[in-house]
Amino acid sequence: MAKQYETVIGLEVHVELATKTKIFCGCSTAFGGEANTHTCPVCTGMPGSLPVLNKQVVEYAIAVGLATNCDITQYCKFDRKNYFYPDNPQNYQISQLYLPICRNGGVEIETEEGTKTIGIHEIHMEEDAGKLIHDEWNDCSLVDYNRSGVPLIEIVSEPDMRSADEVIAYLEKLRLIIQYLGASDCKLQEGSMRADVNLSVREVGAEKFGTRTEMKNLNSFKAIARAIEGERERQIDLLEAGEEVLQETRRWDDTKECSYAMRSKEDAQDYRYFPEPDLVPIVISDEWLDQIRERQPEFRTEKMKRYKEEFEIPDYDIEIITGSKHLADIFEATTAICKQPKKVSNWLMVETMRLLKEKEMEPEDICFSPENLAKLIMMADKKEINSTVAKEVFEVMFANDTDPEKYVEEKGLKTVNDEGALRTTVEKVIADNPQSVEDYHNGKEKAIGFLVGQTMKAMQGKADPGMVNKLLKELLS
Numbered sequence: 029m030a031k032q033y034e035t036v037i038g039l040e041v042h043v044e045l046a047t048k049t050k051i052f053c054g055c056s057t058a059f060g061g062e063a064n065t066h067t068c069p070v071c072t073g074m075p076g077s078l079p080v081l082n083k084q085v086v087e088y089a090i091a092v093g094l095a096t097n098c099d100i101t102q103y104c105k106f107d108r109k110n111y112f113y114p115d116n117p118q119n120y121q122i123s124q125l126y127l128p129i130c131r132n133g134g135v136e137i138e139t140e141e142g143t144k145t146i147g148i149h150e151i152h153m154e155e156d157a158g159k160l161i162h163d164e165w166n167d168c169s170l171v172d173y174n175r176s177g178v179p180l181i182e183i184v185s186e187p188d189m190r191s192a193d194e195v196i197a198y199l200e201k202l203r204l205i206i207q208y209l210g211a212s213d214c215k216l217q218e219g220s221m222r223a224d225v226n227l228s229v230r231e232v233g234a235e236k237f238g239t240r241t242e243m244k245n246l247n248s249f250k251a252i253a254r255a256i257e258g259e260r261e262r263q264i265d266l267l268e269a270g271e272e273v274l275q276e277t278r279r280w281d282d283t284k285e286c287s288y289a290m291r292s293k294e295d296a297q298d299y300r301y302f303p304e305p306d307l308v309p310i311v312i313s314d315e316w317l318d319q320i321r322e323r324q325p326e327f328r329t330e331k332m333k334r335y336k337e338e339f340e341i342p343d344y345d346i347e348i349i350t351g352s353k354h355l356a357d358i359f360e361a362t363t364a365i366c367k368q369p370k371k372v373s374n375w376l377m378v379e380t381m382r383l384l385k386e387k388e389m390e391p392e393d394i395c396f397s398p399e400n401l402a403k404l405i406m407m408a409d410k411k412e413i414n415s416t417v418a419k420e421v422f423e424v425m426f427a428n429d430t431d432p433e434k435y436v437e438e439k440g441l442k443t444v445n446d447e448g449a450l451r452t453t454v455e456k457v458i459a460d461n462p463q464s465v466e467d468y469h470n471g472k473e474k475a476i477g478f479l480v481g482q483t484m485k486a487m488q489g490k491a492d493p494g495m496v497n498k499l500l501k502e503l504l505s
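Each number in the working numbering corresponds to the 1-based position in the sequence shown with 28 added.
Some hints could be false.
Said to hold, decoys possible - Think about it this way: if two alpha-carbon atoms lie no more than 27 Å apart in a straight line, the pair counts; the simulated DSS-like pairs of lysine-lysine are: (1) K434 x K485; (2) K385 x K370; (3) K331 x K215; (4) K215 x K385; (5) K419 x K371; (6) K370 x K411.
Stated by the list, open to error - Derived CB-CB ranges, DEER-like: (7) K83 x E326: 23 to 31 Å; (8) K442 x E136: 47 to 55 Å; (9) D99 x E438: 53 to 61 Å.
FYI, nobody ran anything at the bench for these hints, they're computed from the structure.
Cβ atoms here follow ideal geometry from the backbone N, Cα and C, with glycine treated the same way.
Sequences are here, hints too, so could you generate the full structure?
Right, here's the structure in full:
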């Protein structure tokens, strides 16, 4: 009988925090600046420069720790991790080894298998390194230190996950918690959330873990799922062939859908950690902890419950809307203005989702304001514009947050509610289309649809279709 294998997975998730400035200096953390412009003597490791800790980093780390049910280390400190690498200007990284800020937490995930708690071993604060840019044309490598010193938290899970589905569910859960806290935008494509996957396989029923490999370079959930499947199969093939799995760091190539070895972890590097001499320990008082606890937002689970009671919108809508903090914010702010939760939900679920899919955008990239969406809903509600015009205006608003009232005014798109003018047009359409009138009188209901279309065309789309329908029936009978 063929052997059955079980996959054992633990993650190290790095999250760039949403502070305006770096962890130990006042340089900007903005993404995408010109190379080496967000730098100073501290983050480029100049001799004699001294780090000063950014308080906001500690507050974000504590907030994430509380939200993931961790114990907060009220006396914690930084350590130096020594290694030489071109993008690491000091030749060491300030991190936390001995007393990380958060420990022993866990989050609950939902998969098709049911609910499960994934343990969090620890969360620690550290600084990011710079970025190497390999110039293949000139055959050289260049370094951009803009990212050097950007604050990170590293969330280290227990090896509790058994499948790609569980890994994705865990990452989704972490991402939502952190986005709801405003601690990071967690954009995988910009590297503000990065996951390294530690994976091993063992025979089902075995107590001992197999030899694990660590996979890097994973910048989308799809790539992570593919990498897990690929590495699982690679390790099983080795074991089936009677070979050993080597403990090593591997790099996933998403285009080729395979991984290759980067470096062996057999003779693991000794980082010679020691307490960071330039920074004093951090003492987190009970008062400070309580303040952060009180500021914790309403998370998704509570939000879903409240939406169900307060807004009476379908469960499916609630699930989609609360699945993005930005979408939930737009929904709530728009509803507060126009007091029409069902209509707000419809615009978000239908037109917004359609355009996001077409333009391959994330809900986080939505730029229209709740004020403008509320204006559009109220104009459609008062029949100042018809549904066709409303959709046209929404597309413009979606692209560049145009004020719908001004746009309708400038383009002359207001619905003509003047019954006299409308009646004249309808009478003319009836006179011009005797065949359709005859068809209608002969019981062909569809004929009226054609006449409505002709009237709308004559009115350049600026009539209320309901009113046109009513007038036609009145005049034809």
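Now the hints, each set against the structure:
1. At most 27 Å may separate the alpha-carbon atoms for a hinted pair to count; K434 and K485 meet this at roughly 23 Å.
2. The hinted pair formed by K385 and K370 meets the criterion: a straight-line CA distance of about 22 Å does not exceed 27 Å.
3. A threshold of 27 Å between alpha carbons decides the hint, and for K331 with K215 the separation of about 22 Å falls inside it, so the pair holds.
4. Straight-line distance between C-alpha atoms of K215 and K385 comes to about 17 Å, which keeps the hinted pair within the 27 Å bound.
5. Note on K419 and K371: the hinted pairing holds, with a Cα-Cα distance of about 13 Å set against a maximum of 27 Å.
6. Straight-line distance between C-alpha atoms of K370 and K411 comes to about 17 Å, which keeps the hinted pair within the 27 Å bound.
7. For K83 and E326, the Cβ-Cβ distance of about 24 Å falls inside the hinted range of 23 to 31 Å, so the restraint holds.
8. Look at K442 against E136: about 51 Å separates their beta carbons, and that is inside 47 to 55 Å.
9. Checked against the hint of 53 to 61 Å, the pair D99 and E438 passes, with Cβ atoms roughly 59 Å apart.
In terms of the numbered hints stated before, the structure departs from none.
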